[in-house]
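Residue numbers (this note's numbering), protein chains in the order written: chain A, 1 to 286; chain B, 1 to 235.
Wrong hints could be hidden among the right ones.
Coverage of chain A stretches by chain B, computed from C-beta distances (three or more under 8 Å per stretch; other residues unrestricted) [as the list claims (entries may be wrong)]:
#1 162 to 168
#2 178 to 189
Just the calculated beta-carbon pair ranges, DEER-fashion [stated by the list, open to error]:
#3 A/ARG85 <-> B/LYS29: 42 to 50 Å
#4 A/LEU271 <-> B/ASP107: 29 to 37 Å
#5 B/GLY14 <-> A/PRO277: 30 to 38 Å
Hint data in this document are derived by calculation from the structure and do not stem from the laboratory.
Glycine included, each C-beta is placed from N, C-alpha and C at the ideal position.
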Amino acid sequence: MEVAQLVLNGVMAGTVLAVPAIGLTAIFAVLRFTNFALASHMTIGAFAGFVANTTFGLPIVPSLATAFLVSGFFGWMSDEFVLRRLRASGFVTTAIGSIALTIALENFVRFGFGNQMRGYDLPLRRDWVIQGLRVSPQQVENLAIAVVVVALLFAFLALTRTGKAMRAVADNPMLASIKGINSDTVARLVSFIAMGLAGLGGMLTGLDTTIDPLVGFRTILSVFAAAVVGGLGSIPGAVVGALVVGIGEELSLLFLTPAYRTAVGFLAILLVLTLRPRGILGQRAY
Amino acid sequence: MSELFARAIVAGYGAADEILKGVDFAVGKGEIVCIIGPNGAGKSTLLKTISGLLRPKSGTVSLDGKDITGRLPREIARAGLAYVPQEHNIFPSMTVRENLEMGGYIDPGAVPRRIVRAMERFPVLGTKQRHAARTLSGGERQILAMAMALMVEPSVLMLDEPSAGLSPLAAEKLFDAIVEINREGLSIGIVEQNASEALAISSKAYILVDGRNSRTGDAAELAANPEIRRIFLGG
Chain A
1 MEVAQLVLNG VMAGTVLAVP AIGLTAIFAV LRFTNFALAS HMTIGAFAGF
51 VANTTFGLPI VPSLATAFLV SGFFGWMSDE FVLRRLRASG FVTTAIGSIA
101 LTIALENFVR FGFGNQMRGY DLPLRRDWVI QGLRVSPQQV ENLAIAVVVV
151 ALLFAFLALT RTGKAMRAVA DNPMLASIKG INSDTVARLV SFIAMGLAGL
201 GGMLTGLDTT IDPLVGFRTI LSVFAAAVVG GLGSIPGAVV GALVVGIGEE
251 LSLLFLTPAY RTAVGFLAIL LVLTLRPRGI LGQRAY
Chain B
1 MSELFARAIV AGYGAADEIL KGVDFAVGKG EIVCIIGPNG AGKSTLLKTI
51 SGLLRPKSGT VSLDGKDITG RLPREIARAG LAYVPQEHNI FPSMTVRENL
101 EMGGYIDPGA VPRRIVRAME RFPVLGTKQR HAARTLSGGE RQILAMAMAL
151 MVEPSVLMLD EPSAGLSPLA AEKLFDAIVE INREGLSIGI VEQNASEALA
201 ISSKAYILVD GRNSRTGDAA ELAANPEIRR IFLGG
């Protein structure tokens with residue numbers, strides 16, 4: 001029963017993890033670098049949602065929309081004014097630049113909100129117990145929101161002209177430019193959507209616990225591991241990878257104390273890079 | 001009056017690198033014009049320069065009387081020039097139909113009608129429209145790449161070694177398709193290693209050697225020239 005409970009928790013956590021992991025992998029697919037600034041954008045989203053929820057009294061879903069829009073805007077701006085200028089210098093320079101950026105943005109949040117932990121304005125609800133498995137209503141809502149968001153994203157990529165153009169740039173940027181697709185516009189759009197997803201993921205993570213300026217930093221290793229395990233650049237891979245890492249982190253509690261749970265992310269990256277460097281689903285963008 | 005003019009093109013891949021050393025090239029209305037030459041002569045570099053993937057150090061390119069020198073590939077595509085690279089000329093993870101949609105990206109209103117036309121012209125694309133493009137054979141990929149280029153109804157189509165890596169049968173089918181497209185009035189520039197086939201379907205030919213124009217003239221006359229036959233046609 002303990003294993004079943006951990007697997008259930010892992011599925012819940014993995015589904016939420018998939019949201020920012022899709023953002024990370026989408027940026028890699030289109031812009032060809034790993035944007036570690038995703039961590040601070042998770043934090044920005046979590047705090048934007050916090051302000052919407054506790055200061056302006058918005059319910060959770062509009063607060064999540066606020067988290068998406070604010071972190072997406074920051075993502076677009078930070079790419080436009082910082083990272084885009086570094087991209088010509090190569091993958092490593094841009095990735096290191098994104099680490100510097102994330103430290104700066106995280107401290108920007110810290111200046112505004114301090115270091116203390118904060119919680120969203122949520123009603124107190126009793127956990128549900130089904131067949132001996134315990135699950136909180138908030139976890140179920142988070143799962144449903146994450147599933148809807150991922151489904152909407154898939155529909156956007158599969159059905160809209162803009163979504164297909166994003167996939168085309170991810171697939172073959174040179175050919176996309178020959179076909180008249182403006183890769184700069186696609187880059188802005190992917191930065192907005194990916195960092196919006198990061199912010200949404202940041203708030204979803206915080207809804208289940210609390211938030212502080214390190215909420216993104218604590219999660220980024222799991223997010224990165226999910227993207228690598230699924231196949232960096234593959235959006236379905238990010239979903240699969242997030243479930244693997246989420247369940248793996250929970251099951252690790254059978255052998256490890258919670259403090260070592262993040263080791264699962266390192267282990268997953270190590271195993272994948274050793275045994276299947278392209279990840280579970282390879283590098284297919286969609 | 002030519003549709004496409006490239007004059008005195010100097011271009012290369014680095015600051016000190018000059019692969020093209022003053023090349024002239026033109027495609028007239030309704031013509032098929034081929035560019036042949038040994039490996040490293042600069043044939044593909046010329047096409048990349050014309051299509052905007054490489055910025056020329058000097059020289060000019062004009063399309064229908066409009067200067068397109070050094071413009072971005074997407075601007076040149078909108079001006080009416082469609083370029084099919086030798087490799088990586090499809091979106092492999094997208095379906096055949098999605099590839100055609102992306103081929104017509106700059107003119108979305110006409111896409112449904114032109115997809116129907118593309119599938120009539122190339123029935124294999126119709127039967128495989130839901131297949132991922134990476135699953136197509138080499139010949140089918142080249143057909144798809146050409147069909148994608150035709151989705152914008154360009155004024156000039158530039159093909160870079162379309163028969164490379166194809167079986168003789170697939171290559172023959174492809175050349176038949178090129179001739180058929182040309183009969184409908186499209187001007188075509190084609191770079192080819194398969195010089196005899198290229199000369200056979202072209203009205204005019206350019207021979208490039210070491211980044212310079214070596215010979216230019218009527219394709220049939222060049223094909224009959226003993227020296228050209230010995231060097232490029234193996235006989």
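Results for each hint:
no., hint, in the structure
1, 162 to 168, "holds (count 4)"
2, 178 to 189, "holds (count 5)"
3, A/ARG85 <-> B/LYS29: 42 to 50 Å, "44 Å, holds"
4, A/LEU271 <-> B/ASP107: 29 to 37 Å, "48 Å, violated"
5, B/GLY14 <-> A/PRO277: 30 to 38 Å, "31 Å, holds"
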